[in-house]
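K.L.:
Residues per chain are reported as follows:
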Amino acid sequence: MFILIVGCGRVGSSVARAMLREGHTVSALDEDPESHARLEVGLEKSWEDLGGQFTVGAGLEAEALEAAGVDGADVFIASTDGDNTNIIIAQIAKRRYGVPTVIARVLDPLRAEWYARQGLQTVCPTRVAIDMLETAVRDSGGREAA
Amino acid sequence: MYIIVVGAGKVGWNLARELLEKDHEVTLIESDRRRYMTVEQELEHNVSYGDASELWVLERAGVQRADMVIAVTGDDEDNMLICQVAREKYLVDQIIARVNNPRNRQHFDLLGIKPSVSATDLILRLLEHEVPEYGLVHLLDLQEEQLEIIEMLLGKDSGVTGRRVGDLNMPEGSLLISVLRSGRGFVPNAETVLEEGDEVLAVLDPGKEDELKVLFGPEGDGGISSG
Chain A
1038 MFILIVGCGR VGSSVARAML REGHTVSALD EDPESHARLE VGLEKSWEDL GGQFTVGAGL
1098 EAEALEAAGV DGADVFIAST DGDNTNIIIA QIAKRRYGVP TVIARVLDPL RAEWYARQGL
1158 QTVCPTRVAI DMLETAVRDS GGREAA
Chain B
19 MYIIVVGAGK VGWNLARELL EKDHEVTLIE SDRRRYMTVE QELEHNVSYG DASELWVLER
79 AGVQRADMVI AVTGDDEDNM LICQVAREKY LVDQIIARVN NPRNRQHFDL LGIKPSVSAT
139 DLILRLLEHE VPEYGLVHLL DLQEEQLEII EMLLGKDSGV TGRRVGDLNM PEGSLLISVL
199 RSGRGFVPNA ETVLEEGDEV LAVLDPGKED ELKVLFGPEG DGGISSG
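Chains A and B, in that order, give the protein sequences.
Note that the first sequence covers residues 1038 to 1183 in my numbering.
Note that the second sequence covers residues 19 to 245 in my numbering.
It cannot be assumed that every hint is accurate.
[As the list claims (entries may be wrong)] Here are the simulated DSS-like pairs of lysine-lysine, each with C-alpha atoms no more than 27 Å apart in a straight line:
1) B:Lys132 with A:Lys1131
2) B:Lys107 with A:Lys1131
3) B:Lys231 with B:Lys174
4) B:Lys226 with B:Lys174
5) B:Lys40 with B:Lys28
6) B:Lys174 with B:Lys28
[As the list claims (entries may be wrong)] On the chain A side, residues computed to face chain B include the following (Cβ under 7 Å):
7) Asn1121
8) Thr1122
9) Ile1124
10) Ile1125
11) Ile1129
12) Lys1131
13) Arg1132
14) Leu1147
[As the list claims (entries may be wrong)] If you want the footprint, here are the derived chain B segments under chain A, 3+ residues with CB under 8 Å:
15) 67 to 74
16) 185 to 198
Rather than coming from a laboratory, the hints here were simulated on the basis of the structure.
All C-beta atoms in this analysis are idealised placements derived from N, C-alpha and C, irrespective of residue type, glycine included.
Using the sequences plus the hints, can you model the full thing?
P.N.:
This is how it looks when you write it as C-alpha cells:
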C-alpha cells in the first residue's frame, strides 16, 4: 500500500517507520525540514535508502500534497500538531483526491467524536488516555488492596 | 440578529463594534488572553474568552440560537472548521469565513464554506482595476449562476477598434453588454462601431476570458465573423 503521512512529529514518524518496515511505500510530509531527522531515529540506513519519501511543505498546500503523492495514496494519515488542520486536510484528501482510507488524529475528544459521526475516521489519543486513567483508578481498589 | 464573531484581531474587533452600533446582539470570541483583556475594556460583556474551535466554547456563546457566525481569525483551518461546525452541527443559517491565504479559497469552496472573503483577493482585484495594462478586469463572479462579468479597455493596438459589433466573432457563451465611452455608458447593438478608449463590459461563461482577451487584444483580427 502507498501511505501518505502528513505531520512528522513523534506519532507521525513512528507510524511512518513501522509501516515502512512492514514493506509499505511511505511518503512523509512536514513543514519543518528538521523533522526528517526524527524519521531516521533508530534506523540503520537513511530514510530514502530504505525507500521512504520525504517532502517539505504544509498539508494545506495543494502543491505539497501532490508532490508527496496524494493522488496515488491508498491511506492518508493527518497527524500534524493541529486538530483543525488534521480535520480539514483529511476532508480534502477524501473529497478532492479520493483517498480511500483517511485517518485524522484529533486531540480534542468533542471534535473527534462529532467528526467521527460525520463519517471521518478519527483517532483521539486524549480519549484513550482518559479511558486508561479511569480504568486504572477503578482497578486500584483503594488502600485495602495495596 | 444574534451574531457570533470569532477572532478579535483588527477585522473582528472593528466588525463587532460596527454590528453593535447597528443594534445587533454580538458575541466576539478571542482565544488569546491578552488580546481578550484589551478588547474587553471596550466591548465588555460582548467579548468572550476561549478557543471557538472547542465546541463547548461555541455552545457557551449560544451558537444554537445564533443567526450568523463570522469566522475572521488569522488561521484558515480554524475559520473553515468553525464555519463547518456552526452550519452542520448547530444549523446556523448564515456563515461568513475569512480567507487569509487566497490559495486556500479552493478548500473553502470544496467544503462548501461560503461566502468566504479574502482581503488579499479584493486588493488584487482593485489593483487590476487601477492598472488597465493588466488587460481584463473581473467585475463580478456569479458562482451559483456560473457567469462572470468582465471589463476590457480597448487600447490603440486593439484589433477590434473601428469594427462593427455585429462583425465580431464573439466566442460561444459570451456577450457584450455595455460600452463606456467618454464617461457615458450605452448598450451596443450590431451597428455600434468600437473606438479606441472604449471600456467594454461582457458577460461570459467562466473560462472564456482567454478567448476574449485574444479577440480584443492586439493579435485579434477583429474576428470578421466566419459565419
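K.L.:
Does each hint hold? Answer for all of them.
P.N.:
Status of the hints after comparison with the structure:
1. A distance of roughly 20 Å separates the Cα atoms of Lys132 (chain B) and Lys1131 (chain A); the hinted pair therefore holds under the 27 Å criterion.
2. Restraint check for Lys107 (chain B) and Lys1131 (chain A): satisfied, since their Cα atoms lie roughly 20 Å apart, inside the 27 Å limit.
3. Restraint check: the Cα-Cα separation between Lys231 (chain B) and Lys174 (chain B) comes to about 15 Å, which is no more than 27 Å; the hinted pair holds.
4. Straight-line distance between C-alpha atoms of Lys226 (chain B) and Lys174 (chain B) comes to about 23 Å, which keeps the hinted pair within the 27 Å bound.
5. Proximity of Lys40 (chain B) to Lys28 (chain B) is assessed by CA-CA distance (about 19 Å); at most 27 Å being required, the pair is judged to hold.
6. Annotation: proposed proximity of Lys174 (chain B) to Lys28 (chain B) is violated, straight-line Cα distance about 44 Å (limit 27 Å).
7. With a cut of 7 Å, the hint placing Asn1121 (chain A) at the interface with chain B holds, because the nearest CB-to-CB distance is about 4 Å.
8. This hint holds: Thr1122 (chain A) has a C-beta 5 Å from the nearest C-beta of chain B, less than the 7 Å allowed.
9. Against a cut-off of 7 Å between C-beta atoms, the interface hint on Ile1124 (chain A) holds, since the closest Cβ of chain B lies about 6 Å away.
10. Of the supplied interface hints, the one on Ile1125 (chain A) holds, with its beta-carbon coming within about 5 Å of a beta-carbon of chain B, less than 7 Å.
11. Proximity of Ile1129 (chain A) to chain B holds as hinted, the smallest CB-CB distance being about 6 Å (cut-off 7 Å).
12. With 7 Å as the threshold, the beta carbon of Lys1131 (chain A) stays out of range of chain B, its nearest partner Cβ sitting at about 10 Å, so the hint is violated.
13. The interface hint given for Arg1132 (chain A) is met, as the beta carbon of that residue sits about 6 Å from the closest beta carbon of chain B, less than 7 Å.
14. Restraint check, Leu1147 (chain A) versus chain B: the minimum CB separation of about 5 Å is within 7 Å; hint holds.
15. Closer than 8 Å: that is the beta-carbon criterion, and the segment 67 to 74 of chain B has 4 residues meeting it against chain A, so the requirement of 3 holds.
16. Using a Cβ-Cβ cut-off of 8 Å, 0 residues of the segment 185 to 198 of chain B lie near chain A, which falls short of the minimum of three, so the contact claim is violated.
The structure is inconsistent with the numbered hints 6, 12 and 16, although it conforms to all the rest.
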